[in-house]
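Construct the complete structure from the given sequences, taking the supplied hints into account.
In this text, residue positions in the sequence shown follow my numbering: the first is 27, and each later residue adds one.
Worth flagging that the hints you see were computed from the coordinates, not collected in a lab. One or more of the hints may lead you astray.
[Said to hold, decoys possible] 25 Å max Cα-Cα, derived SDA-like pairs, lysine to any residue:
1) Lys162 to Asp63
2) Lys44 to Arg152
3) Lys44 to Pro124
4) Lys132 to Arg54
5) Lys162 to Phe64
6) Lys162 to Leu147
7) Lys132 to Leu66
8) Lys162 to Val109
9) Lys44 to Tyr146
10) Lys162 to Gly67
11) Lys162 to Asp70
12) Lys44 to Ser122
13) Lys44 to Gly101
14) Lys162 to Asn110
15) Lys44 to Ser77
16) Lys44 to Ser149
17) Lys44 to Ser108
18) Lys44 to Ala125
19) Lys44 to Ala103
20) Lys44 to Asp70
21) Lys44 to Leu167
22) Lys44 to Gly100
23) Lys162 to Val41
24) Lys44 to Leu74
25) Lys162 to Leu150
26) Lys132 to Asn110
27) Lys162 to Ala116
28) Lys132 to Leu147
29) Lys132 to Phe64
30) Lys44 to Leu123
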Amino acid sequence: MIDDPEYGVAGFDAVETKWIDPQVILGRLVAFAGEVDFFLGLVDAVPLYPSYPDPAPQTDEEWDALPEDSPYLGGAAIYELSVNARDILAGADDSSLPAVAERWTKIEEFSFHSSDDREYLLSLVRDLVGLARRAKEHDQLLYCWMFV
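And the structure:
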């Protein structure tokens with residue numbers, strides 16, 4: 027639970043991570059947890075912010091034309107994750123989580139992690155599954171807030 031009265035932020039249920047993007051790294055976890063094939067879009071993360079004032083640039087030319095202070099070039103980004111991703115994580119069998127975490131530790135995107143990080147990643151898997159279960163129980167969605 028994150029709660030920061032200094033900034034007037036009401037408590038909300040969250041899991042803090044580092045280096046976990048919603049499309050690829052979280053998508054691979056969802057695939058392992060649901061025993062489904064991974065594909066880009068499995069998590070179907072919809073960008074909520076920035077929406078500067080139009081949708082994100084789609085071409086190299088559009089990216090190159092952004093002003094230096096564009097929120098697309100750095101800063102916070104917020105994504106809404108699909109109900110499917112939430113439900114797959116929420117439905118993961120607790121007894122399978124160590125094997126899921128073990129598979130997840132071996133993805134290319136985690137090649138910079140040491141073997142000491144395996145316990146952390148197992149704990150993270152359990153936390154993310156728990157968050158998904160609580161969200162499903164309360165008919166809520168999952169969101170990813172990250173710095174880009």
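Comparing the hints with the structure gives:
A distance of roughly 22 Å separates the Cα atoms of Lys162 and Asp63; the hinted pair therefore holds under the 25 Å criterion. Taking the CA atoms of Lys44 and Arg152, the gap is near 16 Å; set against the 25 Å cutoff, the hint holds. Proposed proximity of Lys44 and Pro124 is supported: the alpha carbons are some 20 Å apart, at most 25 Å. Restraint check for Lys132 and Arg54: satisfied, since their Cα atoms lie roughly 11 Å apart, inside the 25 Å limit.
A C-alpha spacing of about 22 Å is found between Lys162 and Phe64, which places the hinted pair at or below 25 Å, so the restraint holds. Distance hint between Lys162 and Leu147 is fulfilled; the C-alpha atoms sit about 22 Å from each other, no more than 25 Å. Between the alpha carbons of Lys132 and Leu66 the distance comes to roughly 18 Å, so the proposed pair stays at or under 25 Å and holds. Our distance criterion of 25 Å between C-alpha atoms is met by Lys162 and Val109, whose separation comes to about 8 Å.
Simply put, Lys44 and Tyr146 have alpha-carbon atoms about 11 Å apart, close enough for the 25 Å limit, and the pair holds. Between Lys162 and Gly67 the CA atoms are separated by roughly 20 Å; this keeps the pair inside 25 Å, and the hint holds. Proposed proximity of Lys162 and Asp70 is supported: the alpha carbons are some 17 Å apart, at most 25 Å. A hinted pair counts as satisfied when its Cα atoms are at most 25 Å apart, and Lys44 with Ser122 qualifies at roughly 23 Å.
For the given pair, Lys44 sits about 15 Å from Gly101 by alpha-carbon distance, which is consistent with the 25 Å threshold. For the suggested pair Lys162 and Asn110, the alpha carbons sit about 10 Å apart, so the restraint of at most 25 Å is met. As the CA atoms of Lys44 and Ser77 are separated by approximately 24 Å, the hinted pair is consistent with the 25 Å bound. A threshold of 25 Å between alpha carbons decides the hint, and for Lys44 with Ser149 the separation of about 13 Å falls inside it, so the pair holds.
For the suggested pair Lys44 and Ser108, the alpha carbons sit about 21 Å apart, so the restraint of at most 25 Å is met. Proposed proximity of Lys44 and Ala125 is supported: the alpha carbons are some 21 Å apart, at most 25 Å. For the hint pairing Lys44 with Ala103, the CA-to-CA distance comes to about 14 Å; that is within 25 Å, so the pair holds. At roughly 20 Å between alpha-carbon atoms, Lys44 and Asp70 fall within 25 Å of each other, so this suggested pair holds.
With a CA separation close to 20 Å, the supplied pair Lys44 and Leu167 stays within the 25 Å bound. For the suggested pair Lys44 and Gly100, the alpha carbons sit about 16 Å apart, so the restraint of at most 25 Å is met. Pair hint Lys162 plus Val41 holds up; C-alpha atoms about 15 Å apart against a cutoff of 25 Å. Annotation: proposed proximity of Lys44 to Leu74 holds, straight-line Cα distance about 20 Å (limit 25 Å).
Of the supplied pair hints, the one linking Lys162 and Leu150 holds, its CA atoms being roughly 18 Å apart against a limit of 25 Å. With a C-alpha separation of about 24 Å, the suggested pair Lys132 and Asn110 falls inside the 25 Å cut-off, and the hint holds. Between Lys162 and Ala116 the alpha-carbon distance is near 7 Å, which keeps this suggested pair within the 25 Å criterion. A distance of roughly 11 Å separates the Cα atoms of Lys132 and Leu147; the hinted pair therefore holds under the 25 Å criterion.
For the given pair, Lys132 sits about 14 Å from Phe64 by alpha-carbon distance, which is consistent with the 25 Å threshold. Restraint check: the Cα-Cα separation between Lys44 and Leu123 comes to about 20 Å, which is no more than 25 Å; the hinted pair holds.
Against the hints set out earlier in the document, no violation occurs for any number.
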